[in-house]
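Chemist: If you're matching them up, the sequences are chains A and B in order.
Using the numbering used here, read the first sequence as starting at 1 and increasing by one per residue.
Using the numbering used here, read the second sequence as starting at 1001 and increasing by one per residue.
Don't read these hints as lab results, they were simulated from the structure.
Values in this document were obtained by computation on a predicted structure and should not be read as measured data.
We put the CB at the ideal spot given by N, CA and C, even for glycine.
Incorrect hints may appear among the rest.
[What the hints assert, rightly or not] Non-contacting residues of chain A with respect to chain B, defined by C-beta distances greater than 12 angstroms in every case (computed): (1) 132; (2) 194; (3) 197; (4) 199; (5) 360; (6) 364; (7) 371; (8) 389.
[Stated by the list, open to error] No farther apart than 30 angstroms at their CA atoms in a straight line, the calculated lysine-lysine pairs in the DSSO-like style are these: (9) B:1200 to A:203; (10) B:1091 to A:203; (11) A:203 to B:1180.
[As the list claims (entries may be wrong)] What follows is a set of in silico ranges between Cβ atoms, one per label pair, in the way DEER data are often shown: (12) A:342 to B:1006: 34 to 44 angstroms; (13) B:1230 to A:403: 55 to 65 angstroms; (14) A:406 to B:1005: 27 to 37 angstroms; (15) A:403 to B:1278: 54 to 64 angstroms; (16) A:183 to B:1236: 52 to 62 angstroms; (17) A:188 to B:1207: 27 to 37 angstroms; (18) A:188 to B:1020: 48 to 58 angstroms; (19) A:158 to B:1153: 37 to 47 angstroms.
Here is how the chains run, residue by residue.
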Amino acid sequence: MKLVIKNGFVVDPVAGNVIKKDILVIDGKIAGSGTNINTSGAEVLDADGRLAVPGLIDMHVHLREPGFEAKETIYTGTRAAARGGFASVACMPNTNPVIDNAALVSAVINSSRAGGVVNVYPIGAITRGSRGTELAEMADMRDAGAVAFSDDGMPVANAGLMRRAMQYAGMLGAAIISHSEDKSLSASGCMHEGYISTMLGLKGIPACAEEVMVARDILLAEDTGCHVHIAHVSTAGSVRLLREAKARGVKVSAEAAPHHFTLTDEAVMGFDTNTKVNPPLRTEDDVAAVRQGLADGTIDVIATDHAPHTAEEKDVEYENAPFGMVGLETAVGLVWTELVAAGVLTPVQAITKMTLNPARILGITKGTLETGADADITIIDPETTGAVDPAMFASKGRNTPFAGRLIKGLPWATIVGGRIVMRSGILEDYKK
Amino acid sequence: MDLSSKDMTGLRDITAAEIALILDTAVPMKGIIQRQIKKVPTLRGRTVVTVFYEASTRTRTSFELAAKYLSADTVGITAATSSVSKGESLKDTGRNIAAMGADAVILRHPMAGAAELLARTLGASVVNAGDGAHEHPSQALLDLFTAREKKGRLDGLKVAIIGDILHSRVARSDIWGYTKMGAEVRLAGPATLIPPGIEKMGARVCSSLEEALAGADVVNVLRIQTERQQQGLFPSMREYSRMYCINRDRLKLAAPDALLMHPGPMNRGIEISPDVADGLQAVINEQVTNGVAVRMALLYLLIGGSVK
Chain A
1 MKLVIKNGFV VDPVAGNVIK KDILVIDGKI AGSGTNINTS GAEVLDADGR LAVPGLIDMH
61 VHLREPGFEA KETIYTGTRA AARGGFASVA CMPNTNPVID NAALVSAVIN SSRAGGVVNV
121 YPIGAITRGS RGTELAEMAD MRDAGAVAFS DDGMPVANAG LMRRAMQYAG MLGAAIISHS
181 EDKSLSASGC MHEGYISTML GLKGIPACAE EVMVARDILL AEDTGCHVHI AHVSTAGSVR
241 LLREAKARGV KVSAEAAPHH FTLTDEAVMG FDTNTKVNPP LRTEDDVAAV RQGLADGTID
301 VIATDHAPHT AEEKDVEYEN APFGMVGLET AVGLVWTELV AAGVLTPVQA ITKMTLNPAR
361 ILGITKGTLE TGADADITII DPETTGAVDP AMFASKGRNT PFAGRLIKGL PWATIVGGRI
421 VMRSGILEDY KK
Chain B
1001 MDLSSKDMTG LRDITAAEIA LILDTAVPMK GIIQRQIKKV PTLRGRTVVT VFYEASTRTR
1061 TSFELAAKYL SADTVGITAA TSSVSKGESL KDTGRNIAAM GADAVILRHP MAGAAELLAR
1121 TLGASVVNAG DGAHEHPSQA LLDLFTAREK KGRLDGLKVA IIGDILHSRV ARSDIWGYTK
1181 MGAEVRLAGP ATLIPPGIEK MGARVCSSLE EALAGADVVN VLRIQTERQQ QGLFPSMREY
1241 SRMYCINRDR LKLAAPDALL MHPGPMNRGI EISPDVADGL QAVINEQVTN GVAVRMALLY
1301 LLIGGSVK
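Please model the entire structure based on the sequences and the hints provided.
Modeler: Spelled out as structure tokens, the structure:
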């Protein structure tokens, strides 16, 4: 099976350049690239001057399966990924049951092979049931295919246990992904603590609830030598701590979510529960710091923290609504509009944070278009403008605060292992 | 002039002119309450439903009487005896009440934003009777009414609000209301009960009780709940009382003719000493009377016009 992607501006995060050329795909692998590729016997996809980039990777999504299939399934979540331009996702283990042993890791992988549209990489739990009391069988999970470990959403409160987890994960060469939140500080808060929370009378989550844990986990990373990846950085203080740690040579990386470089806590005015997310939307200063962190390399990765919920769950009092917003189908547009067009990141930098960097952190052989690599390719049309329309989402979740927002720079095609799964913004009726 | 919204969710959302309209309308309403026959036909054929998800004596009774004095039909629902206890959502409860023909729904709810959620859902008028720590507009309006009635003005008044600002929806609505009407609002309380950024709402956070009280025209004492001590927000009720209880000596720091207010229910001897609570400067009982008048004005302005 042969596929040629013609006339694309190929963004290469390894070489750090953008070159107009064609890409040859044979049997699911990149077979070469250049300007004179023979298209005889090949399917031709004319990129027509759009950007051809390594298949995007979202290293922080919630696919909700098993246990919460009303919110999302592997099928709907991976279709959302494909529609959003992502060829690979790493899914968090806070399902029911929690993905805390090898059998469950295998089950997620098997389900995604059977019913998934893009590559799925499970993240295993750090502790059994993510209860924060005893280590989960990380080596077994790693051997079954887990790419990293996290108790996302239920952060490991016990520093001693977290230290052991890092020692153990470090032995395995796997990263610990830290959802940095001190629950004694965030307590029952439901938005950023500040003027807006005061005005609305909603309980606040102070910035320090995140920063205390970022600081702790940086110190533990330094102590253990384990690679720690800080999830969804939301505050200026966290960015500063990370910058200092990186300057010291600590093995730490970090990600930011589109909503954290786009929206502030002012979005909560009006009590739209689609703005309720953890960590919460912060202030203008924090948004500026996250953008600066992305620009100067302090923040390595853009990841969505795609967290679908049902309409019924969100259509309640603000305090009663669950945390989380969907992100897979708006990420590329927000990155292009808010970061690339705004001059915060170059196209190569933006793509690197959505391909090569997450691949390296997870230790997966993705994020490149070198000959021999899996033919995961995303084509982005930087010139298309569209309004976010949740009704069009492939995700079951419609919980986005971006409905109606105009974004410019949209995913145009997604190719996974040489198969076109999304074309012209529309999912192929893909059946395995 | 009419109110610009079908709802009354908070004083942040309305203008000074609208506040003045409500206060002006409450003046003749107070006259009705003082009559022997306390009934006018203004809202005959209209239905007012009170939906209370939290315990309340004063506010609920006040709204019900306000509606009855205007000849509206009233029904009261409390969370414990309704389908709420069967897990029905707020929106569904509201839709059912509206479907039965309610013209106004008076909502008391423990969560901020509940009234706005219901207001978005229903075509009927929604009046916020307190939502979490967000707003309690009718309480603030009665505070403003009382201060204006006694002082003849609101512009330029110095208003001290003392105590648990963090959890107080009354404080928030008071800040919006008083500052919009040109009064100066000062806040004092333990640092753990002063929410961050509240000065951006237009109030001044004082570093001491004395600073807040100095020359104040109105002293509004907030209720302190024992639960807050259990949450670790301050060490003991004894210490709280020693530092913040408004007593005779402290009230002397305010203007000689200062008004003493309390939204109730009072913890006598804790945030307010009995001698001043029952003293000449206290207008606490009049606040309750004025509450009925202000709520009559609100209902009249919201649902008293031509059928929408």
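Chemist: Next, verify each hint and record whether it holds.
Modeler: Here is what the structure says about each hint:
1. 132: The assertion about residue 132 (chain A) holds, with a minimum of 22 angstroms to chain B.
2. 194: At about 5 angstroms from chain B, residue 194 (chain A) fails to clear the 12 angstroms cut-off, so the statement is violated.
3. 197: violated (7 angstroms)
4. 199: violated (6 angstroms)
5. 360: holds (39 angstroms)
6. 364: holds (42 angstroms)
7. 371: holds (56 angstroms)
8. 389: holds (21 angstroms)
9. B:1200 to A:203: Cα-Cα ~17 angstroms, so holds.
10. B:1091 to A:203: Holds, at about 22 angstroms.
11. A:203 to B:1180: Status holds; Cα separation ~25 angstroms.
12. A:342 to B:1006: 34 to 44 angstroms: holds (40 angstroms)
13. B:1230 to A:403: 55 to 65 angstroms: Given a distance of about 41 angstroms, which is not inside 55 to 65 angstroms, the answer is violated.
14. A:406 to B:1005: 27 to 37 angstroms: For residue 1005 (chain B) against residue 406 (chain A), whose Cβ atoms are near 29 angstroms apart, the range 27 to 37 angstroms holds.
15. A:403 to B:1278: 54 to 64 angstroms: holds (56 angstroms)
16. A:183 to B:1236: 52 to 62 angstroms: Violated, since residue 183 (chain A) and residue 1236 (chain B) (Cβ atoms, about 26 angstroms apart) do not stay within the stated range.
17. A:188 to B:1207: 27 to 37 angstroms: holds (29 angstroms)
18. A:188 to B:1020: 48 to 58 angstroms: violated (38 angstroms)
19. A:158 to B:1153: 37 to 47 angstroms: Between residue 158 (chain A) and residue 1153 (chain B), where Cβ atoms are some 59 angstroms apart, the hint is violated.
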